[in-house]
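Q: Here is what each chain is made of, one letter per residue.
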Amino acid sequence: MAFEPILLRNAGNPAVHEVSGYRKAGGYEALSKALAMEPEEIIDAVKASGLRGRGGAGFPAGLKWSFIPKGSEKAKYLVCNADESEPGTFKDRILIETDPHQLIEGCAICCYAVGASTCYVYIRGEYVAPALTLERAIADAYEHGLLGEDVLGSGFALDMRVHRGAGAYICGEETGMLESLEGRRGQPRIKPPFPAIVGAFAAPTVINNVETLCNVPHIIGRGAEWFKSLGTDERNTGPKVYCISGHVERPGVYEYPIGVTLDDLIAAAGGMYRGRALKAYIPGGASAAILSDEQSGLPMDFDSLAQAGSMLGSAAVVVMDETTCLVRATLRLAKFFAHESCGQCTPCREGTNWSEMILARLEDGRGSESDIDLLQRITTNMSGTALCALADACVGPVRSLVTNFRPEVMQHVEQGCCPLPRQSIFEPGAVS
Amino acid sequence: MPRLTIDGRTVEVEAGTNLIEAAAAAGVQIPHYCYHPRLSIVGQCRMCLVKIEGMPKLQTGCTTQVMKDGMVVLVDDDEVRAAQEGIMEFLLINHPLDCPICDQAGECGLQDYSFKHGQAFSRFEYAEKRTYSGKERIPLGSEVVLNMNRCIQCTRCVRFTEEISRTGELGLFQRGARTEIGVFPGKELSNELSTCVVDICPVGALTSTRFRFAERVWNLDKIPSLCSGCDVGCNITIEHRRGVVRRYKPRTNPAVNDHWMCDFGRSTFGRSAGSRLTVPTVIRDDGRRAAVSWKEALDAAIERLGRAEAEEIAILATGCVTTEEAFLLSRLAEALGTTNKSVLREVDRKREIPNPVGGVSGDEATPNRRGAELAGLHPGDQRLRADELVERDGASQCRVLVIADGDPGSRLHAPEVVERLRRSSSLIVIGWADSPLAAVADIVLPAASHVERDGTFVNSQYRLQRANKAFPSPTGVRSSLAIVGELLGSFKEDWSGLNEQAVFARLAEHVGAFSGLTFDTIPAEGIGLQMVAGGAPDSA
Chain A
3 MAFEPILLRN AGNPAVHEVS GYRKAGGYEA LSKALAMEPE EIIDAVKASG LRGRGGAGFP
63 AGLKWSFIPK GSEKAKYLVC NADESEPGTF KDRILIETDP HQLIEGCAIC CYAVGASTCY
123 VYIRGEYVAP ALTLERAIAD AYEHGLLGED VLGSGFALDM RVHRGAGAYI CGEETGMLES
183 LEGRRGQPRI KPPFPAIVGA FAAPTVINNV ETLCNVPHII GRGAEWFKSL GTDERNTGPK
243 VYCISGHVER PGVYEYPIGV TLDDLIAAAG GMYRGRALKA YIPGGASAAI LSDEQSGLPM
303 DFDSLAQAGS MLGSAAVVVM DETTCLVRAT LRLAKFFAHE SCGQCTPCRE GTNWSEMILA
363 RLEDGRGSES DIDLLQRITT NMSGTALCAL ADACVGPVRS LVTNFRPEVM QHVEQGCCPL
423 PRQSIFEPGA VS
Chain B
35 MPRLTIDGRT VEVEAGTNLI EAAAAAGVQI PHYCYHPRLS IVGQCRMCLV KIEGMPKLQT
95 GCTTQVMKDG MVVLVDDDEV RAAQEGIMEF LLINHPLDCP ICDQAGECGL QDYSFKHGQA
155 FSRFEYAEKR TYSGKERIPL GSEVVLNMNR CIQCTRCVRF TEEISRTGEL GLFQRGARTE
215 IGVFPGKELS NELSTCVVDI CPVGALTSTR FRFAERVWNL DKIPSLCSGC DVGCNITIEH
275 RRGVVRRYKP RTNPAVNDHW MCDFGRSTFG RSAGSRLTVP TVIRDDGRRA AVSWKEALDA
335 AIERLGRAEA EEIAILATGC VTTEEAFLLS RLAEALGTTN KSVLREVDRK REIPNPVGGV
395 SGDEATPNRR GAELAGLHPG DQRLRADELV ERDGASQCRV LVIADGDPGS RLHAPEVVER
455 LRRSSSLIVI GWADSPLAAV ADIVLPAASH VERDGTFVNS QYRLQRANKA FPSPTGVRSS
515 LAIVGELLGS FKEDWSGLNE QAVFARLAEH VGAFSGLTFD TIPAEGIGLQ MVAGGAPDSA
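Which chain is which? The protein sequence lines are A and B, in order.
Going by this note's numbering, the first sequence runs without a break in its numbering and finishes at 434.
Going by this note's numbering, the second sequence runs without a break in its numbering and finishes at 574.
Simulated from the structure, these hints should not be mistaken for lab results.
Please note: incorrect hints may appear among the correct ones.
Claimed, not checked - Derived list of chain A stretches under chain B, where covered just means 3 residues or more per stretch with a C-beta under 8 Å from a C-beta of chain B: (1) 13 to 27; (2) 337 to 344; (3) 385 to 398.
Treat the numbers as computed from the prediction; the structure is a model and nothing was measured.
Cβ coordinates follow ideal geometry from the N, Cα and C atoms, glycine included.
All chains should be modelled from the sequences, with the hints used to inform the complete structure.
A: Printed below as a string of structure tokens:
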């Protein structure tokens, strides 16, 4: 499938790490154009483009920006979410590593549009190299007058800082991130109030994912209509960076118009690993429901996957072939959520842990049929009762296991052991 | 004010009220653990989920504010009940089910809600519950012990130290199912309000070193009263079993101590169990102390008072007396014709209790110095006033010195003070504690202790509050009011045999600050006395 990359167009061109190289490739033209526009026009253009948040929830970006109160004297903030901790997701890292100025430009346009004069990039702690790359690029941008007191002579002032996290999935949740950014224990806040009204340092704050912001210069540069021409339909527009991992020949990031199918992606990634058959796949990161091979022809966009009971999420596609035990794969995911639950609210703290325990005994062949119903009940009790979305994230894969793949779980119960030999992409011993 | 409907009951509340409070106003209980009216709202326990018409999901009652008319809330609802059952199950799977050996049993939020909202069976089939090995009894400070296995991570204690005591000793550590409460490294829970975290802990995770395993709570009788530790006048519940006081618990009064009380105040619960005076004694002519009948002791006292010149008699009280006792002592002085009547002011360290109206503080060691002054024991310019007697040589000019003694630790019990007071020719002591002062008195009249009497107190805010008798005094002991009443009655017949109500009624007639009040209609939260310019109330 031929597609001229947009967000990844500068991949393989290290010259763009410098302002001069990025400019040569057409960079910062959109920022100049934006600074000549009224902020409201920019928000309208982003609204018109149909750009939806690429972090997972798919909330319309322009609409989010428009929630920032106008004319308020209060400081406003943009926080760029580069915490990227969803297992299977690695697109933001590649976006920052290959083209840091694209992100800086997107952030600058967003800040100008919403009237923010400070932008924090909250980056995952483990991302040391991307953080350094970004910091160097930011310093370069300051030197060239693209950040600082007077951005490109427009009178618009913007400060941009990189803030490194300390290794918690929950700090990718937007309010958990704000707590962490402010120096407190990373745990989500009660919403409402939403960050657009009471965000970082109690001020109105826009929080956008890296990829979302990377799209912005292109929308401004090439227009909303062009952006809308990409994708499945009006509600699913633009380019999308998919992260493919698991049983494919060439795992990695692949950029396509939003809405390609899994089959297209597997083909792009060189086909199934050693030509094996597809068994199941996770379309959108660890919190998405697991889909079966029969659903491999679905357009991978927000609405199509939601209709199928899963989600596009962060477009972290995990491909699992016939050698994969789905109970074991789900156990690994549940273990992740139990480990990453912040522990403040009851359904998540106890529910993720309990789910993990039950899955562990099912995988070991010590489970019973009633455990399957119990998982169903527990996930019902976790669903929609917690303070943030982490409990629901755990519910996604666990519930899909017991509803979509019940026969495989039953095999474990009936045979008293895992019916598949322990060989998969998951390290033996990683699950105990 | 917006109106809303909760389970079909309509109620009007102030805008911004959360649903837990609004429901309470409508007479509907929404179960909760992490919510506390004085702590920040965190929405963590998820027990207060309710259904709100027009909302797609259940919402937590604590975080939902009533802002406009017409909200319709359902608590008595299948979906809500299912959620409550689910949360209870989550809380219980890793909680020990050993209520019989838990100190919290009988006053435990988990127990109560299990009966009301839980299931009668467990679906948790797993060999081992989560435990925090080695963290079953961690002293957080001198007053509080933590058993992490019983904690349900509601974080009330953490928020208390952040927001109320503002000392920040406690924090949340680890995460997920391993989340635990603890003190920050190098710190200990040492603030003056620290035991309040035990009160607000909904389960048996935090226990008081003074009370843990001392008594099963269902054996305790609970009587609303006042703390006598200082002049703040914290509202408390005296909790005792058959006359043995086990603890003081704060009783909520937003105008005074709110939901709190200090560790020192709590520590005074054992005062009345100290060494007691139980029989009247007199020192006979041969210089030996002898136990005598009440009649003999009182006659001896009356005889000495009657023989002395008026100005050679002095009456001295500590601030431990009730207002009624002080009033009778004052009338006794008047009946004897002496102006030497005063109350001792004992300055102590400053104690402060936060409340929603700016807090309350006190710096005296006794609870009712102000009430005693209002009742007539002035610190005026009389010759033999308290400081003359206690600090200087005043007592040597006394023929008879009558002292209403204080609790142990009173300034009156210092050896040099005892020696000065003993310079009076005759020393009559009314008190309950077998104090160094009582030990040298010519006549000792054993009285009821703080927890054995009814009476009113005036705290540092000039707020009149009632203390109540928790249980009868030991046999042979009389209340101070009765004792002073007997003495006074022998000089003025119409003052004999009056009870607290009757004395208070006469007090209200005589003293402007109390006018219009009656003993039995003093509200549970007390009443502010009328203040006049200059700060102190009119004491006419």
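Q: Check each numbered hint from earlier against the structure, then list the numbers of those it violates in ascending order.
A: 1
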